[in-house]
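Trainee: Sequence:
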Amino acid sequence: MQELELWRESLSDEVNNLISELQAQVDGELEYVRVEISCQEAQVFNNKAAEEEWFLAGLDISKAFLTAPMSQVQRQGRLIIVQPPKAAVKLGLCSPSERWVVRKALYGLAESPAAWVEWRDTRLLQMRWQTGGLDMKFKKSEVDPSLYLIIATDPEGKETVKGTLGLYVDDFLLAGSMSTITDAIQQIRAEWKTSEPEFCGRGHDDKPLKFLGIQIFWNDGAYYLNQEDFVRDLLQRRGFHADAGGIGGAGPMSKEAPPDEPEETSVEALRTAQAAVGELLWLALKCRAELAFCTSQLSVWCTRYPRFVARKADEVFHYLSRTVTLGLKYSKVDPMSLGGDSQLRFKRSVKVLEAYADASFAAGCDSDETARSHSGAVVVWADSPVMWMTQRQTTVALSTAEAELNAALEGTTMLQSVAPIVSALLGINEDGLSKALYIDSVSACSIISVVAGAWRTRHLRIRAAGLRSLLNSGYLVVAHLKGEHMLADMLTKLMNGAIFVNLKQMWQMAIAPSMHLVSDAARAAAAAVAILVATTLQGYELVHATSSTSLTTTSSTTRWFDRTDIGFFLVLVFIMVAVHNVVSAVFQSGMVRSWW
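Using the UniProt record's numbering, the final residue of the sequence shown is 596, and nothing's skipped along the way.
For the record, the hints were derived by calculation from the structure and aren't laboratory data.
Remember, predicted model here, so these are calculated numbers, not experimental data.
Ideal Cβ positions, reconstructed from N, Cα and C, are used throughout, including at glycine.
Do not rely on the hints blindly, as some may be mistaken.
As the list claims (entries may be wrong) - In silico DSS-like pairs for lysine-lysine, Cα to Cα no more than 30 Å straight-line:
(1) Lys139 - Lys332
(2) Lys210 - Lys137
(3) Lys140 - Lys193
(4) Lys351 - Lys137
(5) Lys63 - Lys193
Unchecked claim - Quick list of simulated restraints, FRET-style, between CB atoms:
(6) Arg202 - Trp282: 27 to 33 Å
(7) Ala275 - Ser399: 37 to 43 Å
(8) Gln343 - Asp220: 24 to 30 Å
Can you build the whole structure from these sequences, using the hints too?
Mentor: Laid out in structure tokens, this is it:
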């Protein structure tokens, strides 16, 4: 409430707007809803756009909650009455005894999200328009209420998916051909006041599109997803220098066991550790899967060893300073990726869904607390990961086979979660997808696929019965995969060097085009070229001055070169520029910087 008088004008406008804009009578009961698209769905969304070479567009609704009448549940005879803001009372804009009857959804009101979602969905489903002679409409996906399909209906009544719409409260992300999404945006803007739409795709690669805290770039036929702005802000606040970055060969964190005895904790130390883990978690869940395992480890140690966690987190921040622009790449599927059918049961395509599961048995078995194994699983669709998980297992596994089986069950659950979303985007039944589960344990494969076996593993075969039923019904196939191709390895152990680089490349992790300054090495190369150009021009002026004062001879001690040599030096300059471009490309690809 400091300097309250300075807020008089803006608060007065806010009070007047609330009173003037809230018109509909409302009443009802408390209702909570999920109003956002998940990060995993957004990644599937972007993968579909890359495969179809669709454009992306983002926009948000202005004052969304203030446009929505209260939900149907609220209109059942109960009034909602609220007190005016205390600041408005202190400024004399409202009397202390004044009360407001809420007639539309209001920011801060628990019922408002449900009211907005009901109103938003009702209006979207009523929209109709034409694009290219086809009748168009929004259709809510059956697999998630925050995912809509843009459907085209031909004269014969056949429906085709022409685009998608992802919703995060009042933020919209559309994908489709340019004509499809521009016509859809016109319908949305005719209903609500929105921000100016931002586009991403071919011909719109000058700046990134932001959605769910992710920056989306288009470059050379692919979409790149990263969190560069967040990483740079994070590093600046923590005092780290942010380089343009490479793919990173050194791992994010060195392998080191925590102290033998728990530390003497303080509130400040605990908050510092929790803040660091929270910041890393925000990255690991969205675009930086290589941080998932170390973030999981740090979260386990956070309350017992907060100072140790803060020190190890600094190692991860240092790694981030070298990989600022690293993220996920989504492009057209390569059927021969990961060796094609020589390593995989199915060649990769848009109709193939894969899950990779791995476990680290008794990771750090120094006590009862650390004897539990660590699971990791990732779901890949059309060459790119769309969902991943890493966690300590809930029970202590007594063998490697048991740990691997637990991880395989988690991977299967994730596969079943993604399959309906993919089938909805493709406009096919889920049975039309080829699904495969890959694990690198022969014993776990045997437990899953064979009913009979030794009595010592009977409890594991019972645990695998659900997965075995999916296998026998033809829902999926279970196959053994060599460890060198196991993508989930990155989610179960700390890595570095060539193995780490290869795994990130198999994950389709790449350097996104940066809107920021180039790396120090590139700047140094550009400076060298500039110095050479300046020296050449200085030499030319010296020759010109000397020749004008002496028409017969020129001293060899003062003349740097003849005019005839200027052509040679210009060629040299062009060569240097070409070398600079090559060096920049190499650094951007990570071929050299991967070992930093």
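Trainee: Next, verify each hint and record whether it holds.
Mentor: How the hints compare with the structure:
Between Lys139 and Lys332, the direct Cα distance comes to roughly 26 Å. Compliance with the 30 Å bound is thereby established for this hinted pair. Taking the CA atoms of Lys210 and Lys137, the gap is about 25 Å. The hint holds against a cut of 30 Å. Using a Cα cut-off of 30 Å, the hinted pair Lys140 and Lys193 holds, with the two alpha carbons roughly 22 Å apart. For the hint linking Lys351 to Lys137, the alpha-carbon distance of about 25 Å falls within 30 Å, and the restraint holds.
Between Lys63 and Lys193, the direct Cα distance comes to roughly 8 Å. Compliance with the 30 Å bound is thereby established for this hinted pair. The hinted window of 27 to 33 Å between Arg202 and Trp282 holds, with their beta carbons roughly 30 Å apart. Against the hinted window of 37 to 43 Å, the Cβ-Cβ separation of Ala275 and Ser399 comes to about 38 Å, which satisfies the hint. Between Gln343 and Asp220 the beta carbons are some 27 Å apart, a value that agrees with the proposed interval 24 to 30 Å.
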